[in-house]
Amino acid sequence: MSGLGIENISMRFDLPNGSSVQALKDVSLHLEPGELMSVLGPSGCGKTTLLNIVAGFLAPTNGQISLNGHRVEGPDAERGMVFQQGALFEWMNVRDNVSFGPRMGGKKPADYTANVDRLLNIVGLADFKEKAIYELSGGMQQRVALARCLANDPDVILMDEPLGALDALTREKMQSLVLQLWKETGKTIVLITHSVEEALLLGERLLVMAPRPGRIHKEYRLPFADLGVGADLREVKKHPEYNSTREEILAMIWDMEEEIMGRTEETS
Amino acid sequence: MTGLLILLVYVAVFAGSFFAVKFLVQSATRDYTSLKTVTFGDESAVVSNRMASILSIITIFLIWGSFTGSKWVPGFLHAPAAFVGETAFNYTLDNGSGETDVGTVFVKVVDFGEDAENFEVEPGDGAAKNDALAMNAGRSKTLIFDKNDNFKRKDGAKVIAIDGDPIRPKLALESSKGRFVLTDKGAISFTPPQGLQMDPIYLPPPEAVVRRFWEISSEGYRNFTLWQHLGYSLFRVIGGFLFGALIGIPLGYAMGLNGWFRGWFDPIVEFMRPVPPLALIPLIIIWFGIGEVGKIILLFLAALWIMAIAARSGVSGVRITKVHAAYSLGASKWQIMRHVIIPNSLPDIFTGARVAMGVCWGTVVAAELVAASQGAGMMIMVASKFTLTDIVLMGIILIGVIGFGIDMIMRWVERKLVPWKGKA
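So the sequences go chain by chain: A and B. The opening position of the first sequence corresponds to residue 1 in this note's numbering, with each subsequent residue numbered one higher. The opening position of the second sequence corresponds to residue 1 in this note's numbering, with each subsequent residue numbered one higher.
Check each hint, because a few of them may be wrong.
[Stated by the list, open to error] Quick list of the computed label-pair ranges, beta carbon to beta carbon:
no., chain 1, residue 1, chain 2, residue 2, range
1, B, L283, A, V21, 29 to 37 Å
2, A, P16, B, V370, 44 to 52 Å
3, B, R30, A, S244, 50 to 58 Å
4, B, D266, A, T61, 25 to 33 Å
Everything labelled a hint here was simulated from the structure, so no lab data went into it. Just so you know, even glycine gets a beta-carbon here, dropped at the ideal spot from N, CA and C.
Can you build the whole structure from these sequences, using the hints too?
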């Protein structure tokens, strides 16, 4: 079966004081190749845990992840990851960061140089190939991270709040870039975000998760990602359904946060 | 007393030059920092004053030269010198029954460090005969004046006046010629004006230190040239440091990457780290003698724990997202070690290396003070036994300059090899 399968994933940590936390409970879903899914939820809903399980950094206590028919046992080049920040290698320049994956895979420079240059062109960093990472702005660093992930040609790209640390304007430009890259490369993308707007714009499918235990609360299928490819994202935001969906999701998350606050007050 | 005066002069020069520079030198720059209104508490607004640094160094050399009578410092800046030359004073002797007579003491005061040769004078007439007194500047000398006199102290004679001024036992008499005190037994203790300049035995002038430097750098000291002495010290430091790094860095990596290694070596490292290397010197001498092996082992031990801890914290400090990113890009364990963990730990290792080099340099000098036949520490230790203060000072200055030079080189290498340090 092709695509990414998340099958009955449960995750339970034991705490040192003897109690345990149910971070995820019976999470199941399936992504077809080329699908773009954003995941939204209040803090503590287990969305980062879920992403780490898909990436192979954590083993679930129950269930399994499968990709294109085989079972995921650990991290692998087939599942690339883009982090919020600080995941680039400061001791390498931009080009060496982007070519890291192919180089580790044992490819010869002749085989990857053209692709690396093409990707640096797409993310608009062709003139910054030789620059050190610490000389770049935050937005440029995230573009390097995107290019680095794509240079390795993974089947699935996992993004953990990749634009969370950027200012609003840079963030909007980066959202267009993510959509453009998604359309051009046809990769399966899972994107975690705290921003409802970002989840709406960058999600063909939008997953709202609920906390304690972490579970899927509601799933949406939205047209905005397709509308946004190559278009002005501010125009997309004028779409009537965009606003109503945003209000609906905001209210949903607001209620969940309220509930968490109430519970914390009771216990304390 | 002189020390307190020097401190007061130093504080006065510090404050005086501050106000002088503040009011006389107007800063014309209008850079961003100069436009800040909040400077107290804003660390970035505190810029090291170049003028203050220059004046600070000049002040130290001026005070040094002025209180040692250096030829390199103009005479009007010299502190008052101790009296040198010839003088004479009279003493009035009473034989205990009212008879008095006056004797004259001729005094020759020669400069610091010169030989005060005894000399003869005409005894003259009367009961109190003339005396001769030879002495060095800055010292006191007790005159047994009655060896040649007819009135003896054991017969009840005593000095009642100096140059006509009455003097009583134990009460000092100050005059322009100096300070007179009668000892318990009635002898005259004479101190010519001492001035404020230091005896070269305590503090030689700068030119004496420089002269020593040229002399020792061309003729050597204790069978070894100056460069051999310094070279031996440097060789020991570099040897000990390299062995320490060679063992310490892999040990630190192992402790950072493996729980068994960390558990096994943590007690040893945490115990040995606070033990000052100097405390190991006696044990090292007992075990390995005073040769090169012992010294290099001592420095090895001084560097080992510092390098191990630096490497361990370098490994522990790697952001987990970097490791995760590398795994997701398909890197193997070995590739992550080579391309992520090692480069990521370099800034910490360089910080450790700078600390270790500093500690090693301090330890080698101390070890050579205890036992060595060559080395910078040995040089100043042997010189101090012969009160060759100029060699001691020269050695201290060279040790300081080399220690500073080592740190400068380490910083330069650090900038070249880990330019991303502190910028991540």
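Now the hints, each set against the structure:
no.	hint	in the structure
1	B/L283 to A/V21: 29 to 37 Å	52 Å, violated
2	A/P16 to B/V370: 44 to 52 Å	50 Å, holds
3	B/R30 to A/S244: 50 to 58 Å	56 Å, holds
4	B/D266 to A/T61: 25 to 33 Å	31 Å, holds
This entry does not satisfy hint 1, going by the numbered hints stated previously; all others are met.
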